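Student: Just so you know, the sequences run in chain order A, B and C.
Under the working numbering, residues 19 to 389 are what the first sequence spells out, in order.
Under the working numbering, residues 8 to 108 are what the second sequence spells out, in order.
Under the working numbering, residues 3 to 179 are what the third sequence spells out, in order.
Treat each hint with caution, since some may be false.
[As the list claims (entries may be wrong)] Dumping the calculated DMTMM-like pairs for lysine to aspartate or glutamate here, alpha-carbon to alpha-carbon at most 20 Å:
1) A:Lys104 to A:Glu74
2) A:Lys178 to A:Glu74
3) A:Lys178 to A:Glu264
4) C:Lys27 to B:Asp65
5) C:Lys27 to A:Asp117
6) C:Lys150 to B:Asp65
7) A:Lys178 to A:Asp117
Quick caveat, the hints were computed from the structure, so don't treat them as lab data.
The model shown is predicted, which means the values in this text are computed figures rather than measured ones.
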Amino acid sequence: MNQTVVSYLSQYEFYDVLLAAFGKNEGLLAFAIYLLGGVIIVGLCATIGGLGTFAERKISADIQQRLGPNRVGPYGILQFLADGVKMMTKEDVMPFTADKMLFYLAPMLALVGVFATLAVLPFSSGLMMADLNVGIFYLIAISSLVGVSVFLGGYASNSKWSMLGGMRGASQIISYEIPVTISILAVTLLAGGMSFGTIMSHQRGLPTNWFIFHNPFAFIAGFVYFIGALAETNRAPFDLPEAESELVSGYHTEYTGMRFGFFALAEYIEVFVVCGVGAALFLGGSNLPFDISFDIIPLQLLEVVIFMSKALALYYVVIWIRWTFPRLRVDQLMAICWKYLTPIAIFNLIGCAVWVVVFNGKSIAELIFGH
Amino acid sequence: MMGLASYLIISLILFVIGITVMIARKNIVAILLGIELVLNAAALNFVAYSRFATNNLDGHIFSLFIIVVAAAEAAVGLAIVIRFFQIKETIHVDEATTLRN
Amino acid sequence: MFAQFLFISSALLTLGGAVAVLVTKNIMHSCIYLLASLIGIAGLYATLGADFVAVTQIMVYVGGVVILMLFAVMLTGGKDFVSRAQNLLGLAPSMGNRWTFSVGILVALVFLATNIKLILNVSKSIPAKTFGNEFPSTVNQIGHLLVKEHVLAFELSSVLLLGALVGAAIIARPRKQ
Chain A
19 MNQTVVSYLS QYEFYDVLLA AFGKNEGLLA FAIYLLGGVI IVGLCATIGG LGTFAERKIS
79 ADIQQRLGPN RVGPYGILQF LADGVKMMTK EDVMPFTADK MLFYLAPMLA LVGVFATLAV
139 LPFSSGLMMA DLNVGIFYLI AISSLVGVSV FLGGYASNSK WSMLGGMRGA SQIISYEIPV
199 TISILAVTLL AGGMSFGTIM SHQRGLPTNW FIFHNPFAFI AGFVYFIGAL AETNRAPFDL
259 PEAESELVSG YHTEYTGMRF GFFALAEYIE VFVVCGVGAA LFLGGSNLPF DISFDIIPLQ
319 LLEVVIFMSK ALALYYVVIW IRWTFPRLRV DQLMAICWKY LTPIAIFNLI GCAVWVVVFN
379 GKSIAELIFG H
Chain B
8 MMGLASYLII SLILFVIGIT VMIARKNIVA ILLGIELVLN AAALNFVAYS RFATNNLDGH
68 IFSLFIIVVA AAEAAVGLAI VIRFFQIKET IHVDEATTLR N
Chain C
3 MFAQFLFISS ALLTLGGAVA VLVTKNIMHS CIYLLASLIG IAGLYATLGA DFVAVTQIMV
63 YVGGVVILML FAVMLTGGKD FVSRAQNLLG LAPSMGNRWT FSVGILVALV FLATNIKLIL
123 NVSKSIPAKT FGNEFPSTVN QIGHLLVKEH VLAFELSSVL LLGALVGAAI IARPRKQ
C-alpha cells in the first residue's frame with residue numbers, strides 16, 4: 019500500500035548497482051534517496067516560490083501595462099535572486115518589546131508547515147516522496163501550522179498592526195479550512211481513498227475523466243476549493259491579514275531581512291502547493307491524456323512536466339485574480355465563508371454521495387458515451 | 008525498546024505532568040492545557056494497547072472519540088473562560104466563587 | 003532503525019514539551035510547548051502504525067484547539083494579569099507559586115508510585131510481540147468500524163459536537179446587562 023519513491027525506484031536495474039555501492043544496506047540507501055529527493059524537492063519549490071515573486075511582479079506589470087522588473091538578467095528573471103541577496107544583507111531588527119522566542123519561532127513554523135506538505139505532493143505517479151494512505155488529510159492537517167505561525171507572528175511582534183493582522187489571519191485560516199476540507203471530502207468520496215495515488219488513478223485518460231467534470235456537484239466543489247484555497251493562503255482578494263491600506267503589512271510588519279523573507283517564501287510556496295493539490299484533485303494530476311503501458315523514467319519526467327504545467331496555470335490564475343479583484347471587508351469575508359461557501363460545500367458533499375449511489379459512481383461522460 | 012511498557016511509561020509521565028499542571032496553575036487556560044495533556048495520555052494508552060494487546064482497531068476508535076471530546080471540551084471551556092473574563096475581568100480560578108451571573 | 007529514531011525523537015518532544023508546559027511562567031509559551039507535545043504524540047501514534055489517528059491528532063489540535071487556546075489567552079488579557087493577581091488581590095499568582103507546585107508534585111508522586119507497579123505487572127502479563135516494518139492501512143478499517151460497529155457512538159459524537167458548537171457560541175456571545 020505504501021508507495022514511496024524508493025519502492026518505485028527499486029524496480030529498476032540501477033537500484034541494484036546503487037545497493038551494491040552502499041554495501042547492501044537498504045536502510046542507508048533509502049535514507050540517501052529520501053535525502054536527495056528532499057533536497058531536490060525543497061530546492062525546486064523554493065525556486066518556484068522565488069520565481070513566484072518575479073512572476074507576480076511581471077504579470078501585474080503586464081496587467082497594468084507596465085514593464086515590470088527588467089534589469090537583472092534576461093527579462094529581469096534573476097530579480098528574485100537580487101531580492102534574496104538584499105534580504106540576506108539587511109539588518110535583522112527585533113522590536114524591543116517583542117516576545118523573543120515566539121518572534122524567532124513564527125517564520126520557522128511557517129516554513130516547516132509548508133515544506134512538510136511537499137512530502138506528499140504528487141509530482142508524478144512514481145516520483146513522489148511518499149504516497150501515504152492518508153495523503154490529502156495529512157496535507158490539510160500539517161498545513162494548518164501556517165495558521166499558528168501567522169498568529170504567533172502577529173502576537174510576538176507586540177505591535178497593533180501585527181496583532182490585528184495575526185488575529186485576522188488565524189480566524190480566516192481556520193474558517194476557510196472548513197469549506198476546503200468538505201470539498202476535498204467530496205473528491206475523496208468519488209475516488210474511494212485519501213491517498214494521492216488512488217485519487218489520480220481514478221482520473222486516468224481524457225479530461226472527461228477529471229473529477230471536476232465528473233458530475234455537477236464536483237464541478238462546484240472544484241470552485242469552492244479554489245476560492246477557499248485563495249483565502250487559506252491569504253491571497254487577494256482575501257489578503258486581509260496583510261492589507262497594506264489598513265494594517266501596514268499585517269502580521270509581518272515588524273519582520274525584517276530574511277525573517278520577512280521566510281514568511282514571503284512560505285506564502286508563495288503554499289500558493290504553489292494548493293495549486294498543485296487543486297491540479298491533482300480536480301484536474302487529473304499528472305496523468306497523461308493518453309494511455310502508455312510501458313513504465314520508464316522519462317515518462318515520469320513527462321508526467322512531472324504535465325503536473326507542473328497544470329499547477330503553474332492555476333498559479334497564473336491566482337496572480338491574475340489578485341490584480342483584478344478589489345479586497346473584501348472583514349465581515350464580507352466571514353459572510354462568504356460561513357453563509358455561502360460552507361453550505362454550498364456541504365450540499366456538494368451530499369450531492370456527490372447521492373450521485374455515487376444513484377449512478378453507481380459513473381461520471382457524466384461515461385453515462386453519455388457509455389463505456 | 009519500542010515495547011508496550013515504554014509507551015505506557017511515556018503516557019504515565021504525560022498524565023502525571025498534566026495532573027500537576029492542573030493543580031499548580033491558577034489560570035483557567037493553563038488548567039485547560041493540563042486537561043489536554045491528561046486526555047492525550049489516555050488516548051495514547053488506548054492506541055498502544057490496540058497495537059500490542061489486541062488485534063483489532065477499537066483502541067483507535069476510542070482515541071478518535073477522545074480527540075472529538077477534547078475538541079468539544081476545549082471549545083466550550085474556552086467559551087466559558089471568555090464569558091467569565093467579561094464578567095470578572097480576570098481568569099484566576101480562585102475568583103470563580105459565585106454561581107450567579 | 004528509522005522507527006526507533008522516530009520513536010525516540012517523538013518521545014523526547016512529547017515529554018520535553020510537557021515538562022516545559024509545567025515549568026514555564028508564560029501562558030503563551032505554555033500553549034506553544036503544548037503544541038510541541040501534541041505533535042510528539044502524533045509521532046508516537048505514527049510509530050504505533052495508527053496513521054489516521056496521528057493525522058487526526060495534528061488536524062484537530064494544531065489547526066483547532068491550540069489556535070483556540072491562543073485566541074482565548076489573547077482575549078483574556080494575557081500576561082498583564084499575572085502581576086495584578088500577585089500584587090493587588092493577594093491570591094496565588096496565576097501561573098502558580100511554590101505552594102501550588104509542591105501540592106501538585108506531591109499528588110503526582112503518589113500517582114506515579116501507584117501506577118508504576120501496575121505498569122510493570124501489565125508489561126509482564128502481556129507477551130512481547132515482534133513486528134516488522136509493515137504497517138497496514140488503517141483508514142479503510144476505521145471507516146468500516148465507524149459506520150458499522152460504532153455507529154451509535156459516531157452519531158452521538160456528532161450530536162455532541164453540534165451541541166458544543168451552539169453552546170460555545172451562545173455562552174461566549176457578549177450580552178448587554
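Student: Could you run down the list of hints and mark each one as holding or not?
Tutor: Results for each hint:
1. Straight-line distance between C-alpha atoms of Lys104 (chain A) and Glu74 (chain A) comes to about 18 Å, which keeps the hinted pair within the 20 Å bound.
2. Taken as a hint, the Lys178 (chain A) and Glu74 (chain A) pair is broken in the structure, with Cα atoms around 28 Å apart against an allowance of 20 Å.
3. With a CA separation close to 11 Å, the supplied pair Lys178 (chain A) and Glu264 (chain A) stays within the 20 Å bound.
4. Between the alpha carbons of Lys27 (chain C) and Asp65 (chain B) the distance comes to roughly 39 Å, so the proposed pair goes past 20 Å and is violated.
5. Only pairs whose Cα atoms come within 20 Å are accepted, and Lys27 (chain C) paired with Asp117 (chain A) is accepted, the gap being roughly 13 Å.
6. Distance restraint check for Lys150 (chain C) and Asp65 (chain B): the Cα-Cα separation of roughly 12 Å lies within the 20 Å cut-off, and the hinted pair is therefore satisfied.
7. Taken as a hint, the Lys178 (chain A) and Asp117 (chain A) pair is honoured in the structure, with Cα atoms around 14 Å apart against an allowance of 20 Å.
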